[in-house]
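Chemist: Residue strings, one per chain:
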Amino acid sequence: MKYSGYILLAIVWLALPFVLERHAIDLLVFCGFYAVAGAGVGFLLGQGGIVNLGQAAFYGLGAYSSAYCTVQLGLPAPVGILTGVVVSLCLAFLIGRPILRLSGYFLALATLALGIICSNLFYEAEFITGGTLGIPGVPKLSVLGFALDTPTKFYFLIWPVAVLCVLSMRSLMSSRIGLAMQAMRDAPEAAMVLAIDISRLKLWMFLISSVLGSVAGSLFAHYVGFVNVDSFGVERSIFFLLVPVIGGAASPAGVLVGALFVGLVPEALSVLGDIHRVLFGLALVATVVFFPDGLIGLLKRLADTCIPARRQALKMEQSR
Amino acid sequence: MPISLTRRTVLGAMLAPAIIRPTLGHAAEPIRLGAILSATGPGAGVGLPQRNGVLLAVKAINEKGGIAGRPIELLVEDDGSNPDAAVTKANNLIFSQKVKAIIGPTLTASTLSVGGVADPEKIAVMPFTGLGLEMEKQRRSVFHMLPTQDLNARALLEFVTKNMKTRKVAVLHDSAYGNIVMTKLKEVNATYNVDFVAAEKWEVGATDVTTQAAKIKATAPDVVLVIGNSATPFRNLRQIRMNAPLMSALGTASYEYVRAMGDAADNIIFAEFLVAEDPLPYQKDFVETFHKEYDTFPKTMEASAWDAVHAVAAGIAKAGPDATPAAISDAIRGPYAGAMAKFDFSAPDLTGLSLSSYVYSKLEKGKFTRVPFTAGQ
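Chains as they are written, first to last, in our numbering: chain A, 1 to 320; chain B, 321 to 697.
Hints were generated in silico from the structure; no laboratory data involved. Don't take each hint at face value.
Derived pair list, reagent style DSS-like, types lysine-lysine, alpha-carbon separation capped at 30 Å [stated by the list, open to error]:
(1) B:K482 with B:K612
(2) B:K418 with A:K153
(3) B:K485 with B:K506
(4) B:K521 with B:K537
(5) B:K485 with B:K521
(6) B:K537 with B:K379
(7) B:K662 with B:K638
(8) B:K638 with B:K384
(9) B:K612 with B:K488
(10) A:K140 with B:K418
(11) B:K482 with B:K662
(12) B:K442 with A:K153
(13) B:K457 with B:K418
(14) A:K140 with B:K612
(15) A:K140 with B:K384
Just so we're clear, the structure is a prediction, and the values are computed from it rather than from any experiment.
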């Protein structure tokens, strides 16, 4: 009974491609990319209290690495994905060491600057990125000879990847390192007294976040088949930050809910005409104001109220 | 007359419906077309005029009885000037809505991404861009409504060398579309032998380019080519008293940009396709229809949008309303005489525009005046 909710979710997830139209599955695939890249941002925000406004830089590095390796050099897709990860790790290491000494607004601004610099580099490094025109013709991913050339096939790849990211985060959070992260976030001075190497811990978190951004970017490139600088601007970084903020940064699963929100709500509102952007902005404000724990917090509260077993457990906890 | 931004027009634009259904009176099953336009984001400056042209064309065709007696139903999607969003919109239009053809997208990046989805399905796409990359020539269902950047570059240098008879040229361009034209200017310069005394770039979205303008002024050019989608460089050049003639490519030839230029909007020359104040004979009907509907004059973007819908309608009429998308694409692939220019969608650049298709205009007190010059002769 403990896992009945998860089993139900898995059944719904499996059934969706057979029920929904191709367009809806396409949107869900994009939500998957947002979830993976947003998981990195959420990890930094929820566990380290670090606001990362530069995730699009790593997303772009992953996408361009995959596109360049496969289209220009003719290398297999895994080489491109791995190249993206290595390049992102190198950049995160080089940039992370100096900027992670900062904190609060200054650190957020430093990550924002990283995003802007990389966006400009993507424009200028025309010989690699194709500049304004980008790189078209990125081949579809193929797993054991099975081409992931439709939204439905990709859906069955990206969502397990996203869930795997969330489970890894959860596992990390419940380990000793996770406890050290929470100590660093909630009481940095006390954490230092306990011999927690804060700068090293922050760097590790930044590296993990960059890898997630890069992997999401690589998968995005292979799915869409076209990479262009317009996909990796500051707006995209803000979008990735919205994922954990809306979903709930405290819980790793929040990014899954947040990704669904930022991916599906604008599309649902678009039938109302050009005003949809204004309405989406209002929806964001309302979510942040009314659900400070994010949508995952709301879902937990609803579950506590509606599911008898959870309600009883909650009552027992309160009576103690 | 420029469009005035009243509360009514702003609200009207914001509440513009996403689906344009044929009016009552058409009993026949509608022919469904899709449109992907940049109604929001950086591309909205050209995307919104294009939407006006598309909507008017659909209305005009339906009022004349539709295509073979069947009205057009138009589904308008906004890609937010983002190529990723354009892909999801294309997936919706092609696979869920089963449209016969797609009008748009507005921007080059979106065109490249939508082409990747539509071309394998042989769905005709009519983007408001010129051919961007060589590989696009293989996409036989993507027909371009605007000239290639190579042709845009030639059109500018034709006027500079043959009409203005000068060779000391400075270029101020943006980091996106202007960057591509700048590259092409250098490539085609072997033919024109112009001396580029300065080439300065501004980032897309920049609100001040005075520094670049000052560098341009210091080289004392005979003419400054301003290439991009922004009124800012024109204002900044005039603010620092740059008195040399300014010449612009297609991007800023619209009343909205002219209004944004303010007092700087004088003595600017445009290489474009439609001067509505003085239209060519084949453009008169469109200009009158547009003016009657919107109480304002159209420019190139509106005309190309009008032509895109009419070219698709002609293709569907030729292939038959129940023809497959591939048959419709085949029917479109050929000459088409539009209001903007004469196209040949079977040409290698999938546009068929030539230097002689251009008309040149000069801004005088906020009004476009046609300059009697024909390029390519």
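Chemist: Take the C-alpha atoms of K482 of chain B and K612 of chain B, compute the straight-line distance between them, and say whether it is at most 30 Å.
Modeler: 37 Å, violated
Chemist: Decide if the proposed pair is consistent with the structure: K521 of chain B and K537 of chain B, CA atoms, cutoff 30 Å inclusive.
Modeler: 14 Å, holds
Chemist: For the pair supplied as a hint, K485 of chain B and K506 of chain B, confirm whether the alpha-carbon distance does not exceed 30 Å.
Modeler: 18 Å, holds
Chemist: Is the straight-line distance between the alpha-carbon of K638 of chain B and that of K384 of chain B 30 Å or less?
Modeler: Satisfied, since the Cα-Cα distance of roughly 17 Å is no more than 30 Å.
Chemist: Quick one, are K482 of chain B and K662 of chain B close enough, alpha carbons at most 30 Å?
Modeler: 23 Å, holds
Chemist: Assess, step by step, whether the Cα of K418 of chain B is no farther than 30 Å from the Cα of K153 of chain A, and give holds or violated.
Modeler: Holds. K418 of chain B to K153 of chain A sits at ~21 Å (cutoff 30 Å).
Chemist: Run the distance test for K442 of chain B versus K153 of chain A: straight-line Cα separation, threshold 30 Å.
Modeler: It holds: about 22 Å lies between the C-alpha atoms, which stays within 30 Å.
Chemist: Could you grab the alpha-carbon distance between K457 of chain B and K418 of chain B and see if it respects the 30 Å cut-off?
Modeler: Cα-Cα ~25 Å, so holds.
Chemist: Given the hinted pair K485 of chain B and K521 of chain B, is their alpha-carbon gap at most 30 Å?
Modeler: 25 Å, holds
Chemist: Just to be careful, I want the Cα atoms of K537 of chain B and K379 of chain B compared with a cutoff of 30 Å; is the pair within it?
Modeler: 48 Å, violated
Chemist: Between the alpha carbons of K612 of chain B and K488 of chain B, is the straight-line distance 30 Å or under?
Modeler: Judged against 30 Å, a Cα distance of about 43 Å means the pair is violated.
Chemist: Below or equal to 30 Å on CA atoms is what counts here, so check K140 of chain A against K612 of chain B.
Modeler: 49 Å, violated
In the structure shown, a violation is registered for the earlier hints numbered 1, 6, 9, 14, 15, in ascending order.
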